[in-house]
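K.L.:
Taken in sequence, the protein lines are chains X and C. Going by this note's numbering, the first residue of the first sequence is number 1, and it counts up by one from there. Going by this note's numbering, the first residue of the second sequence is number 1001, and it counts up by one from there.
Hints are computed from structural coordinates only; laboratory data are not their basis. Treat the numbers as computed from the prediction; the structure is a model and nothing was measured. Check each hint, because a few of them may be wrong.
Said to hold, decoys possible - A few chain C residues that face chain X, going by a derived Cβ cut-off under 7 Å, partial list only:
(1) 1013
(2) 1014
(3) 1074
(4) 1088
From the three backbone atoms N, C-alpha and C, an ideal C-beta is built for every residue, glycine too.
One-letter residues, chain by chain:
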Amino acid sequence: MADVLTFTDRGIYCAAGDFYIDPWRPVDRALITHGHADHARAGMGSYLATDAAAPVMQHRLGPQARIETLKFLEPRQIGAASVSYHPAGHVPGSAQIKVTVKGQSWVVSGDYKTVADGLSEPFAPVPCHAFITECTFGLPVFSWTPQDVLTDQINGWWAANAAAGRFSILGAYALGKAQRLLTAADPDIGPILTHGAIENTNEVLRAQGIPLPDTIRVTPDMNVKDYPGALVLATPGAMAQPWARQFGRASTAFASGWMALRGVRRRRAMDRGFVVSDHADWEGLNTAIRATGAQKIFVTHGYTDPFRRWLTDQGYDAHVVSTDYTGDTEDEA
Amino acid sequence: MKDFAALFARIDESTKTSVKVAALAAYFRTAPDDDKLWTIALFSGRRPKRMITATKLRVWAAEAAGLPDWLFEESYGIVGDLAETIALILPKPKGTSDQSLTDWITHIKTLSTQDEPARRAGILAAWEVLPTQERFLFTKLLTGGFRVGVSQKLMTRALAQATGQDEATLTHKLMGNWTPATTTWTDLIDADDPTADLSRPYPFYLAYGLDSLDELDPATDWNAERKWDGIRGQFILRGGEHHLWSRGEDLMTDRFPELAQLRDFLPDGTVIDGEVLAFRDEKPLSFNALQSRIGRKTVPKKLLIEAPVILMAYDLLEHRGQDIRKQTFTSRRKELEKLIKAVPITTPIRLSASVPFTDWNALAAERDRSRELHAEGLMLKRLDSPYLAGRKRGDWWKWKVDPLTIDAVMIYAQAGHGRRANLFTDYTFAVWNGNELTPFTKAYSGLTDAEFREITAWVRKNTLQKFGPVRQVTPHHVFEIAFEGINASPRHKSGVALRFPRMLRWRKDKPMAEANTLADLKEMLATYG
Ligand SMILES: [Zn+2]
Ligand SMILES: [Zn+2]
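This is chain X alone, in the form it adopts within the complex (with noise of 0.2 Å):
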């Protein structure tokens, strides 16, 4: 029997419906998962996603964009393919997407994670044949922080600087780390300010009715004084510029499931680390892949070579497959 997906340099490639999953170089007819650099790229013919990732990835790929949208669970006929759509816990939006030719389904997971982060479609697992996976924290020293500990670790920290009248930078990817540390952060505490880049995706995501606390953007004719013992929101990026200065003794933290690691914490030279992540951690693959039922396995992204070992442990068809995603970076993950 055919394989339903195969792995081409361009991206995934189902030849039933004639289209890519998540491609890394320009195709007419691109499926995505979600709206992160790594998977919804520049350049596709047209783009389908659901109906709540749309607005973000309109938003970064611009106007020109042509998205076509769905609905979670929402079947779609492509070809001789059936496809549908299913929530990955990622991001508000993030999905799974599923494809059934001749009987056969496969599943495409993009990025996802198996907890429930307040904020985003909770992860459903789908029954399939063929799963392929991320695995970006693909190694059992990957366990994440529960989310009522982490709120009020962050809460904490958050809450013993503004009483020390210091502000607290915490960095975190634009979409959505951002918008979940948000969702925990307590405004009874103080005022939040944002970076632009992370309230320009706030603004999106409002917009589409997603309830996130209010922020204040930082701007430059602002005067951050006025805001003492604010929570500052910002992007990785930006906590290494001048930007960041303009807050003075603040006290630093990154939140990041790679804060899991003391090197890396150590190499980031932050006050804190909050270990937290978009991504599944050991336990949350392993969960992931037992409930879709699924014999064949491929990872794609992540520690991909020790994890396929694991698997192959298991009694799991289990293998690699080279990608361009590269969620595995600090900064993202």
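Keeping the supplied structure of chain X fixed, place chain C with the ligands upon it in accordance with the hints.
P.N.:
This is chain C with the ligands only, laid out in the frame that chain X set:
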């Protein structure tokens, strides 16, 4: 251990001294005495003995986590630290524990007296109730290796803030061979007399490197002497017993048994700051000779004859039981001279002679003679200066001779550890030997983080071959290597060994063909070896 774990996290993650000191001071104000004592002990390198092998811990942890050994190893390779790997791969804790740092250390001591099955059970039980960060620290205590990103100086500053005592006094109190088993917080910190412990050394006064002679005028305010190339030591004679301390607070008394003779000729209540030097015919031997004595706890007779040592005396800190550090250098020096004059010439002690000079130019000429005298350069000490504690600017300066340098080609690269994991920071360098490149040294410091990142990216693209963690790279980049000395070494392919090699500069301007040759190195060996 929660408070200790929180403290550790704060000072480990931040690079700001203000954050570290504040966290430590807050801890010293609130923690129970025995925990404070242990914290000081751990942070000043007084580690508990390793009670279990790393191999055993690895196996037990993998079993407890239900993971195959290869996956443990794979994880260890990424994390780079055994205790951290263990803390991370074990399942989330099942219970909780309110036990203190001291409780856990006591637990470890008890386990070390038990047989292996009991140890295993005790360790697994601990792992089961401790959250990740505490589990990491507990495992660090088991393996005996405990390093933290806080200097003794910062810890003492925090302790001063918390106790209201001054830093120099506290520094003195923390010196010596105490352990939490031999003292209490009250005796160590609250007690008034730091010399109550007869073996306790004074904090060493350390000099900064000289930036400019201009600030030193007039020259008549200064004493110059050689900066000898040996091991800085503090000789203590009190209550008829003698002790020899290194600057790193290692007790070296038994390694240099010949210095025991000093007991017979120096008055009781004498503390001398000096340099332990291999010495014969009134001349220092090369550092190589002393090297053969370092690291040996006991010394065979043959070595005592081949590499006899003396104490080259720099300064007198205690005289007839009185702490005289507040007196001027001139007056301390006068007393020191008197002491040494009264000692027979056969006794292994000498006064580090002053180097007379009329102006700075004359002194610069003296400095240029350093290498031939087996000295590292000159020390400048202000005549009216007291003997301070720790590294201080102003009254003492070291004026080292410029390092030797050589341009070499990088041929191997290896990734660093910890903070530098993921970066290639350890390089092997070679010089030309005809058309071949002969490796002669390794170096791993001296570049900026940005340079390390740049080279790391280059190494990834230019790897010829991998040997485990080591990568052979395309010979291309030239670096200027600085070093303090050169010795013959039959163990090395190049026939030479360098002292303190480090990267001075990345010579992007220099083509590989213009790197130095093995003949150049041999010539340096002939001149300076
Ligand atoms: Zn993503
Ligand atoms: Zn990704």
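K.L.:
Which of the stated hints cannot be reconciled with the structure, identified by number in ascending sequence?
P.N.:
The structure conflicts with no hint, since it agrees with every one listed earlier.
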